[in-house]
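Novice: Chain by chain, the residues run as shown.
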Amino acid sequence: MGNWSRFNIASIVLGFGFLYLPIVLLVIFSFNESKLVTVWAGFSTKWYAQLWHNQALLDAAWVTIRVALISATCATVLGTLAALALVRYTRFRGRMLFSGMVYAPLVMPEVITGLSLLLLFVAIGLDRGFWTITLAHITFTMCFVAVVVQSRLLSFDQSIEEAALDLGATPVRTFFAITLPVIAPAVFSGWVLAFTLSLDDLVISSFTTGPGATTLPMKIYSQVRLGVTPEINAICTILIGIVAIGVIVASVVTKQREAQRERDERAAFAQ
Amino acid sequence: MARVASALFSRLVIIIPYAWLLFFFLIPFFIVFRISLSQTAVAMPPYTPVFDLFGGLSGIMEKAREFSLDNYVWLTEDVLYFNAYVSSVIIAGISTILTLMIAYPVAYGMAKAPKSIRPTLLMLVILPFWTSFLIRVYAWIAILKPEGLLNQFLMSINVIDQPLIILNTNWAIYIGIVYSYLPFMVLPIYSSLEKMDHTLTEAALDLGCTPFAAFWQVTFPLSLAGVVAGCLLVFIPAVGEFVIPDLLGGSETLMIGKTLWNEFNANRDWPVSSAVATILLLILVIPIVFFQNAQAKADGEGR
Chain A
748 MGNWSRFNIA SIVLGFGFLY LPIVLLVIFS FNESKLVTVW AGFSTKWYAQ LWHNQALLDA
808 AWVTIRVALI SATCATVLGT LAALALVRYT RFRGRMLFSG MVYAPLVMPE VITGLSLLLL
868 FVAIGLDRGF WTITLAHITF TMCFVAVVVQ SRLLSFDQSI EEAALDLGAT PVRTFFAITL
928 PVIAPAVFSG WVLAFTLSLD DLVISSFTTG PGATTLPMKI YSQVRLGVTP EINAICTILI
988 GIVAIGVIVA SVVTKQREAQ RERDERAAFA Q
Chain B
3 MARVASALFS RLVIIIPYAW LLFFFLIPFF IVFRISLSQT AVAMPPYTPV FDLFGGLSGI
63 MEKAREFSLD NYVWLTEDVL YFNAYVSSVI IAGISTILTL MIAYPVAYGM AKAPKSIRPT
123 LLMLVILPFW TSFLIRVYAW IAILKPEGLL NQFLMSINVI DQPLIILNTN WAIYIGIVYS
183 YLPFMVLPIY SSLEKMDHTL TEAALDLGCT PFAAFWQVTF PLSLAGVVAG CLLVFIPAVG
243 EFVIPDLLGG SETLMIGKTL WNEFNANRDW PVSSAVATIL LLILVIPIVF FQNAQAKADG
303 EGR
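So the protein lines, in turn, are chains A and B. Each residue of the first sequence is one higher than the one before, starting from 748 at the first, in this note's numbering. Each residue of the second sequence is one higher than the one before, starting from 3 at the first, in this note's numbering.
So that you can see chain A by itself, here it is in the shape it has in the complex (with noise of 0.2 Å):
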């Protein structure tokens, strides 16, 4: 099918267009010397300087990466053990539920999630702040990285594990001694999604929180309110970066991971 018309080209270039020019710009005003932020004025690195002196700002960032490093490890490793049960487990009581709750909190809207935990961070009398906020996220993002999981364990040739558990290992050590290894790169991917989408999270944050913990999503939000500030594109910006290089780091990692496997097996089979 070699027929890559310009009518597919056309639509591929305006449709990424479409998804980056905003990206682009809200970068290129970042730079930007005057305060408006829609009028080019010259380069200037400045507002990047005051975002250093803003100590509210500094702090809610710290909270935020906080709040996803832990939420992040514990959704993979709940999302990963969700994943097994739905596709090693085909049978067991109250599955339909399960794989509900898996699915459900994808397209859930945000507002009645965040509503939800917050009545019964309340009705358990928890104290709301850092560890509730944390908690939210875990709930939410497990679920993305059940899915991401979930995809590779469904393409996984079973018959490795099997041969595993022939020979004689346990359960366990064939689960860490052979299925890991082979869906690790989908745990890791499902890490980077656990944790960008805690990064970026507003409205979960901000039914659960409580005083003490604000987030930077939070934060950018209550500015943004206000109006379009370069100092807020800084922040953008250096947020965007971080996700861009992170991406780009787990995406090269994977590619030579998966050269190797190939390398690997071709050298298995050539002996």
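Because the hints were derived from the structure by calculation, they are not lab data. Glycine included, each C-beta is placed from N, C-alpha and C at the ideal position.
Derived pair list, reagent style EDC-like, types lysine to aspartate or glutamate, alpha-carbon separation capped at 20 Å:
| id | chain 1 | residue 1 | chain 2 | residue 2 |
| --- | --- | --- | --- | --- |
| 1 | B | Lys-299 | B | Glu-196 |
| 2 | B | Lys-117 | A | Glu-1005 |
| 3 | A | Lys-782 | B | Glu-149 |
| 4 | A | Lys-1002 | A | Glu-1012 |
| 5 | A | Lys-966 | A | Asp-806 |
| 6 | B | Lys-117 | B | Glu-204 |
| 7 | B | Lys-117 | B | Glu-196 |
| 8 | A | Lys-966 | A | Glu-978 |
| 9 | B | Lys-117 | A | Glu-1009 |
Partner residues are not named here, just some residues of chain A that face chain B (Cβ under 7 Å, in silico):
| id | residue |
| --- | --- |
| 10 | Gly-762 |
| 11 | Leu-773 |
| 12 | Leu-831 |
| 13 | Phe-845 |
| 14 | Leu-862 |
| 15 | Ser-863 |
| 16 | Leu-864 |
| 17 | Leu-867 |
| 18 | Asp-947 |
Given the coordinates of chain A, assemble chain B onto it according to the supplied hints.
Specialist: Relative to chain A, chain B alone:
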């Protein structure tokens, strides 16, 4: 011994995530429902509890008599809520159709691209989805403002002589939703188009079909699973969207996510916000079940 360990391992794999989701996802909905039946009070938390979780069965039965549907009656009495639900569904529906119209050609182009560049294209679709949602919505404010970049551009090439008013209208919300949710639509359509057997289209063409008819009679129906999944992935969250109508929409834009947020944060009326959330969930329950079934079916095919 090994068998016991094996059984224990498989139990734990299921029980740990199961228990977590039950406690942090399912039970909270019942609490929302419970609080939607209670009275507003000026206190902290600002509602009178209808029953407390540890009151035992008799406590629950006794308190059950105090259930009140006042909050739901209140929702039907004020036309604002009804309008907000209707306009959320309409706005989400229009946005979903617009997203589909933009996403389909992109996904189609990607599926037809040379195999070597497909992973790169896929990466490029996923990448914006990793950058902050809030940032991407925010970026549009500077573009759509009356003195913003879009108007500057259109006026400089003499297409218009008056700035277009887009920001704070429903058009800005459509643009915001289409932009933010585009990858959710492109990915499932792309994956169904990529799996498709292209000899079918070729057969249709050989048998004298015009390319247009071949597309509508062969390609499109075969990609329908992806189209449905994409539409649900956009429509369901868009109905309850808060950030986009709040930042890009005007003060008169009614969307239920925004209403709920205001009810909760500005009016501090938890029972009414719970009732708003309960009704929203009831509206979305059918599309959500559709989505779960589609998802479960897709997993079944992967086996």
